[in-house]
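If you count the sequence shown from 1, position 14 lands on 18 in the numbering used here, and the numbers rise without skipping.
Source of the hints: derived by calculation from the structure; they are not laboratory data. In this text the structure is predicted, and so the values were computed from the model without any measurement. There's no promise every hint is true.
[Claimed, not checked] Computed spacing ranges between beta-carbons, pair by pair:
#	residue 1	residue 2	range
1	19	102	24 to 34 Å
2	235	117	20 to 30 Å
3	221	153	37 to 47 Å
4	136	241	20 to 30 Å
5	135	85	18 to 28 Å
[What the hints assert, rightly or not] Calculated lysine-lysine pairs in the DSSO-like style (CA-CA distance at most 27 Å, straight line):
#	residue 1	residue 2
6	262	134
7	17	127
8	179	127
For each residue, glycine too, the CB sits at the ideal point set by N, CA and C.
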Amino acid sequence: MILRPASLSYFSKSPAGSSIIRGQNFTVECITGADDANHAIQSDVETILILPESGATLMTDFETVETAPRSIAIVPAGTLRLHLRQGARAFALTTGRTGVDAGNVINSVDYQVPDERVVPVAKPTERLAKDAERIHVYQVDAVPFPGGNPRLKFFQSATMSINWVEYDGQRDRTKLSPHAHEDFEQGSLAIAGDFVHHIRTPWASNAEEWREDQHIEASAGSMLVIPPELIHTTEGVGAGQHILIDVFAPPRTDFIAKGWVFNAGDYRAR
């Protein structure tokens with residue numbers, strides 16, 4: 005079997021508006037604020053909203069919440085109305101988007117044929133908190149690193165999980181972490197900095213299907229979708245801040261079992 009290649013896409017650079025990059029089970033929408041407009045996000049399940057550099061006003065049928073910069077919000081199913089200052093960015097991640105214009109999905113052609121190796125998202129994990137209809141906001145800088153993993157911060161919704169990876173300067177090339185996933189995709193969402201995604205296709209018996217290693221350069225405002233079985237690791241390059249969000253759907257039960265996911269206690273364990 006010829007393995008599906010990794011796919012790099014960039015969000016629209018329009019000064020106001022939105023665009024979507026998808027995986028098989030999830031969508032990631034990049035929204036750029038306009039002072040006179042609210043942006044509506046409709047989802048049948050919870051949405052993870054990432055606010056990397058600016059606060060925002062979040063409005064649902066039940067409440068209005070003001071968030072600070074460098075926040076992650078878990079928003080209940082339904083309609084979210086989002087107001088950002090002019091030029092500020094937000095990223096909305098969900099597995100249950102509705103009312104999406106297919107023409108706004110940059111890489112829709114990649115999913116004309118589903119990948120049978122990718123396990124579907126099962127029934128959403130049950131939220132235990134009594135205030136399930138409320139927006140839950142986490143300040144990234146107030147969240148401690150989990151024991152045993154001092155480099156990443158982990159969060160989940162009912163159907164997804166993410167890793168927040170942040171560092172200054174180039175990543176130590178002697179401590180990269182090449183690995184592969186058997187039955188799910190990984191989205192690597194570049195929010196700040198420049199990166200090189202290193203991709204290796206495992207050899208099978210048919211040498212005609214072998215591929216050269218790839219070293220894919222990617223800047224902020226992009227997402228690489230990595231299919232199952234491809235060996236991968238990402239290296240931040242150059243000076244300055246690097247923020248990379250790893251995106252998974254369904255949630256990473258292995259990370260939850262290790263106690264790494266900060267808000268996992270809000271959900272019933274599987």
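Quick rundown of the hints versus the structure:
1. 19 <-> 102: 24 to 34 Å: holds (27 Å)
2. 235 <-> 117: 20 to 30 Å: At 23 Å between Cβs, range holds.
3. 221 <-> 153: 37 to 47 Å: violated (27 Å)
4. 136 <-> 241: 20 to 30 Å: Violated: the Cβ-Cβ distance is about 42 Å, outside 20 to 30 Å.
5. 135 <-> 85: 18 to 28 Å: Distance hint for residue 135, residue 85 holds at roughly 20 Å.
6. 262 <-> 134: Cα-Cα ~25 Å, so holds.
7. 17 <-> 127: violated (35 Å)
8. 179 <-> 127: Violated - the C-alpha atoms of residue 127 and residue 179 are around 37 Å apart, more than 27 Å.
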